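Keeping their order, the protein sequence lines are chains A and B.
To convert, note that position 65 of the first sequence is 65 in the numbering used here; the numbers rise steadily by one, no gaps.
Offset between the second sequence (1-based) and the numbering used here: plus 117.
No wet-lab data here; the hints were simulated from the structure.
Do not take every clue at face value.
Unchecked claim - Output of the computed footprint for chain A on chain B, the stretches with three or more beta carbons under 8 angstroms from beta carbons of chain A:
no., region
1, 156-170
2, 211-224
What the hints assert, rightly or not - Label pairs and their in silico Cβ distance ranges:
no., chain 1, residue 1, chain 2, residue 2, range
3, A, D18, B, T194, 44 to 52 angstroms
4, B, K126, A, T5, 26 to 34 angstroms
5, B, S124, A, V84, 28 to 36 angstroms
6, B, N170, A, S12, 47 to 55 angstroms
7, A, V14, B, I168, 45 to 53 angstroms
8, B, P223, A, D22, 25 to 33 angstroms
9, B, T228, A, T114, 19 to 27 angstroms
10, B, E132, A, V84, 35 to 43 angstroms
11, A, I60, B, P223, 36 to 44 angstroms
For clarity, every value in this text was computed on a predicted model and none was experimentally measured.
Built from N, CA and C at the ideal position, the CB exists for glycine as well.
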Amino acid sequence: AQKVTQAQTEISVVEKEDVTLDCVYETRDTTYYLFWYKQPPSGELVFLIRRNSFDEQNEISGRYSWNFQKSTSSFNFTITASQVVDSAVYFCALTNAGGTSYGKLTFGQGTILTVHP
Amino acid sequence: DGGITQSPKYLFRKEGQNVTLSCEQNLNHDAMYWYRQDPGQGLRLIYYSQIVNDFQKGDIAEGYSVSREKKESFPLTVTSAQKNPTAFYLCASSITAGRDTQYFGPGTRLTVL
Numbered sequence: 001a002q003k004v005t006q007a008q009t010e011i012s013v014v015e016k017e018d019v020t021l022d023c024v025y026e027t028r029d030t031t032y033y034l035f036w037y038k039q040p041p042s043g044e045l046v047f048l049i050r051r052n053s054f055d056e057q058n059e060i061s062g063r064y065s066w067n068f069q070k071s072t073s074s075f076n077f078t079i080t081a082s083q084v085v086d087s088a089v090y091f092c093a094l095t096n097a098g099g100t101s102y103g104k105l106t107f108g109q110g111t112i113l114t115v116h117p
Numbered sequence: 118d119g120g121i122t123q124s125p126k127y128l129f130r131k132e133g134q135n136v137t138l139s140c141e142q143n144l145n146h147d148a149m150y151w152y153r154q155d156p157g158q159g160l161r162l163i164y165y166s167q168i169v170n171d172f173q174k175g176d177i178a179e180g181y182s183v184s185r186e187k188k189e190s191f192p193l194t195v196t197s198a199q200k201n202p203t204a205f206y207l208c209a210s211s212i213t214a215g216r217d218t219q220y221f222g223p224g225t226r227l228t229v230l
């Protein structure tokens with residue numbers, strides 16, 4: 001069975017602070033894909049990043065960066081110099097490449113990030 | 118513009134009624150999905166469809182039904198058998214089922230009165 005754990009239920013920071021959102025996953029598959037989505041107050045899930053299990057390179061996109069470590073089964077997300085517009089719920093998700101769970105995304109519980117001005 | 122549309126945005130239902138939530142995509146994606154989100158929780162998969170005229174149950178299919186008669190449409194019916202239907206429903210699509218990124222619609226918030 002697959003599982004995604006986002007232990008931080010809520011995080012509150014002041015604008016310009018850096019913040020890291022943790023994601024720990026469990027899977028028996030050797031090939032899998034990890035995702036981060038952002039859910040602003042409007043409700044729509046916005047895709048941020050997709051990473052496959054064979055690519056452990058960290059990635060940076062503007063103020064966003066992701067740290068994928070297979071040794072600790074973690075895929076953490078850091079926002080540098082946070083802004084009020086970053087306030088949202090962030091979800092980490094996992095899918096395998098086939099089998100009976102073909103196509104299913106397993107989501108974590110989400111982390112509510114609030115950035116205060 | 119390419120994307121996924123869901124309607125209505127808000128839906129109110131009386132107990133015992135069936136309601137159908139619409140999901141349309143013009144991304145030419147083969148796979149489509151329905152998720153349910155409850156307050157403070159992650160998303161759970163209701164049904165998914167890999168291709169037209171095919172669909173499979175997800176983790177919480179009881180009380181729901183779907184059809185996939187056209188590639189661009191994947192409507193979800195919430196039946197009276199669904200004991201706790203009040204939730205936020207999100208539709209998604211991907212190029213193919215499995216490894217491809219799923220893109221989500223704006224969601225429908227269903228409330229049972």
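Status of each hint after checking the structure:
Under a criterion of three residues with beta carbons nearer than 8 angstroms to beta carbons of chain A, the stated coverage of the region 156-170 of chain B is upheld, 8 such residues being counted. Three residues within the 8 angstroms Cβ limit are the bar, and the region 211-224 of chain B against chain A gives 11, so the coverage statement holds. For the pair D18 of chain A and T194 of chain B, the supplied restraint of 44 to 52 angstroms holds, since their beta-carbon distance comes to about 46 angstroms. Roughly 31 angstroms separates the CB atoms of K126 of chain B and T5 of chain A, a value that falls within the hinted 26 to 34 angstroms.
Distance hint check: the CB atoms of S124 of chain B and V84 of chain A are about 30 angstroms apart, consistent with the given range 28 to 36 angstroms. N170 of chain B and S12 of chain A have their C-beta atoms about 48 angstroms apart, which keeps the hinted 47 to 55 angstroms range intact. Roughly 49 angstroms separates the CB atoms of V14 of chain A and I168 of chain B, a value that falls within the hinted 45 to 53 angstroms. In this structure the hint that P223 of chain B and D22 of chain A lie 25 to 33 angstroms apart at CB holds, the actual value being about 28 angstroms.
For T228 of chain B and T114 of chain A, the hinted distance range of 19 to 27 angstroms is satisfied, since their beta carbons lie about 26 angstroms from each other. Checked against the hint of 35 to 43 angstroms, the pair E132 of chain B and V84 of chain A passes, with Cβ atoms roughly 41 angstroms apart. Checked against the hint of 36 to 44 angstroms, the pair I60 of chain A and P223 of chain B fails, with Cβ atoms roughly 29 angstroms apart.
In the structure shown, a violation is registered for the earlier hint numbered 11 alone.
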